[in-house]
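Residue numbers (this note's numbering), protein chains in the order written: chain A, 75 to 411; chain B, 6 to 312.
Here's a subset of chain A near chain B, in silico, CB distances under 7 angstroms, partners left out:
no. : residue
1   : S215
2   : V226
3   : Y227
4   : L370
5   : M385
FYI, nobody ran anything at the bench for these hints, they're computed from the structure.
From the three backbone atoms N, C-alpha and C, an ideal C-beta is built for every residue, glycine too.
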Amino acid sequence: MLATIGKRLLTVIPTLIGVVIVTFLLTRVLPGDPAVYFAGPAATPDSIAEIRKGLGLDKPLPEQFIRYVGDLAHGNFGNSLSTGRPVATEIASRLPASAELTLLGLIVSLAIAVPLGILAAVKQGSWIDHTCRVVATAGVSLPVFFTGLLLVYAFYFQLGWAPAPLGRLDAFASAPPNITGLYLIDSLVTGQFETFRSALSQLILPVVTLAIFSLAPIARMTRASMLAVLASEFVRTARASGLDTRTVIITYAFRNAMLPVVTTLGMVFSFLLGANVLVEKVFAWPGIGSYAVEALLQSDFAPVQGFVLTMAVLYVALNLVIDILYRVIDPRVRLEG
Amino acid sequence: MTDTLNAMPPVTDNAPPAPAPAEKPERNSMLRHTRYVMSENPVTGLAFALFALIALFALIGPYIVPHDPLASDTAAALQPPTWKHWFGTDQLGRDILSRVVVATRLDFIIAITSVALVFAMGGLAGIAAGYFGGWTDRIISRLSDTIMAFPLFVLAMGIVAALGNTVTNIVIATAIINFPLYVRVARAEANVRREAGFVQAARLSGNGDARILLGHILPNIMPIMMVQISLTMGYAILNAAGLSFIGLGVKPPTPEWGIMVAEGAANIISGEWWIALFPGAALMLAVFTFNLLGDGLRDLVDPQRRT
Numbered sequence: 075m076l077a078t079i080g081k082r083l084l085t086v087i088p089t090l091i092g093v094v095i096v097t098f099l100l101t102r103v104l105p106g107d108p109a110v111y112f113a114g115p116a117a118t119p120d121s122i123a124e125i126r127k128g129l130g131l132d133k134p135l136p137e138q139f140i141r142y143v144g145d146l147a148h149g150n151f152g153n154s155l156s157t158g159r160p161v162a163t164e165i166a167s168r169l170p171a172s173a174e175l176t177l178l179g180l181i182v183s184l185a186i187a188v189p190l191g192i193l194a195a196v197k198q199g200s201w202i203d204h205t206c207r208v209v210a211t212a213g214v215s216l217p218v219f220f221t222g223l224l225l226v227y228a229f230y231f232q233l234g235w236a237p238a239p240l241g242r243l244d245a246f247a248s249a250p251p252n253i254t255g256l257y258l259i260d261s262l263v264t265g266q267f268e269t270f271r272s273a274l275s276q277l278i279l280p281v282v283t284l285a286i287f288s289l290a291p292i293a294r295m296t297r298a299s300m301l302a303v304l305a306s307e308f309v310r311t312a313r314a315s316g317l318d319t320r321t322v323i324i325t326y327a328f329r330n331a332m333l334p335v336v337t338t339l340g341m342v343f344s345f346l347l348g349a350n351v352l353v354e355k356v357f358a359w360p361g362i363g364s365y366a367v368e369a370l371l372q373s374d375f376a377p378v379q380g381f382v383l384t385m386a387v388l389y390v391a392l393n394l395v396i397d398i399l400y401r402v403i404d405p406r407v408r409l410e411g
Numbered sequence: 006m007t008d009t010l011n012a013m014p015p016v017t018d019n020a021p022p023a024p025a026p027a028e029k030p031e032r033n034s035m036l037r038h039t040r041y042v043m044s045e046n047p048v049t050g051l052a053f054a055l056f057a058l059i060a061l062f063a064l065i066g067p068y069i070v071p072h073d074p075l076a077s078d079t080a081a082a083l084q085p086p087t088w089k090h091w092f093g094t095d096q097l098g099r100d101i102l103s104r105v106v107v108a109t110r111l112d113f114i115i116a117i118t119s120v121a122l123v124f125a126m127g128g129l130a131g132i133a134a135g136y137f138g139g140w141t142d143r144i145i146s147r148l149s150d151t152i153m154a155f156p157l158f159v160l161a162m163g164i165v166a167a168l169g170n171t172v173t174n175i176v177i178a179t180a181i182i183n184f185p186l187y188v189r190v191a192r193a194e195a196n197v198r199r200e201a202g203f204v205q206a207a208r209l210s211g212n213g214d215a216r217i218l219l220g221h222i223l224p225n226i227m228p229i230m231m232v233q234i235s236l237t238m239g240y241a242i243l244n245a246a247g248l249s250f251i252g253l254g255v256k257p258p259t260p261e262w263g264i265m266v267a268e269g270a271a272n273i274i275s276g277e278w279w280i281a282l283f284p285g286a287a288l289m290l291a292v293f294t295f296n297l298l299g300d301g302l303r304d305l306v307d308p309q310r311r312t
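Just chain A, with the same shape it has in the complex (with noise of 0.2 angstroms):
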């Protein structure tokens, strides 16, 4: 198993390494000039030629690569144009925030996609089972802003049930301290309620918007996934012997339908991490979209290629995870290693 994992773990690295020469051929390669930016309106072709030298951008190709990854090694993302700082320290303190929100939207929307997958396929044509597809088509043509939008609407302005789209705390609350930089857990545990309250607030919006739009995928899915399990051979036996339905669909079934929606969740996280940023425009959220988006508008690009690459690194890891979580969960694939 650990050998299994082990072997995974190397794959990754080529992976990493395709990561690293795009996000670094984005900035070099492509049009535009990083030190005639860095000089400003007012430079004479003297300045600009100096900021070259100083940025290292006269070297050949190669050499900036090597300096560039060498950066990358010591946490260097480079420095802000707009704010002068830099970007690795920003990224890491605003991380939290888009994490917070990306991960109970994927709870809240597993939460609701999977037993309505399961109920659609166990009662098919049913009008569950029509829910699902409805909820399913129209899921994936909704855009997530719009969605976003719908809800401010109706949930702060129609119904003042949830607070202004403004961040993550409101105005009355302070941040609990810094532990894990998640609100929710930093503030149960320090025992402020208060806090816990208003962030609980402030998410639920953005989360279900989030939820709603890659509820989609996880439900048609873990449907399709389902009626193929409870079609086959194994599941026929186990009802023969007189199993009770409960104990066939849960124990036998769903363990085995698990493992196709397993693996589109790596498709579900390429998209939220991109419905991310879009949400967190809406939202005012201060995450590491809001911030891309900003540098993106004043073409401040240290921070967008961090950005690029952070979300990058992040998605690698998340798809480890989810290949390592199947090996867990399929005992086949675990011989075979």
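Chain A is fixed; fit chain B onto it per the hints.
Using the frame of chain A, we list chain B on its own:
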């Protein structure tokens, strides 16, 4: 069932082969199949109708709208829907209905060009990878894996940031992130046909690789690629609208659905719902149409995967 069988005239088996031209039965059966799929799933018919409507708006939209989409009238700003302005007016008093209709063309063009681009790049790379195998395959697959290693929307943001903030670059970015999907489908289909009889026959008659790829394999996998195109159209529109929602590509005051939703976002909090709602709904409808259309085309082309 038995009744119908008995009621049928028992001549079909003994009837002499019809002296019809060779092509005719084929076309008839295709037509019948199309009609069968349509009647089986009326939603597909609806999708084709909606698609025709969107294409029509894209084509003649600017000539039929009641107001100038760019003309502002600050006296009539932020009006809810009325008989004069069916979809209301925005912060500058511009007619939202006209802007939504005119925007169809831009969104449609962005989606079509990016899909055409990725079809040319990904489709050709994919059939080359599937046909030649070996190093061609390894390099193209590695390239496509590397793209897949990024969350796709994030990669699109990075590409637009690097190439520059223009509509053309949104098209390019959208094409690049769809590249792996096209490679995968084209590669698998070309790989299956690599040693097919008609390919071997073409090779034996002295055709070169390029001719076999473009003249024999490509036409054969076209139906499946068409399904892929339709399915990615919806995603392309969503992606482009998402990019312009965060302020990339399309510049105001150009009417485009994503940026119109962004312009209305601030007003949602103060209750002016119509500014964001109508362009958002148009966007949703367009994506929905392409997704349904893709499902419908798949039913036509690939009966085994019919849902």
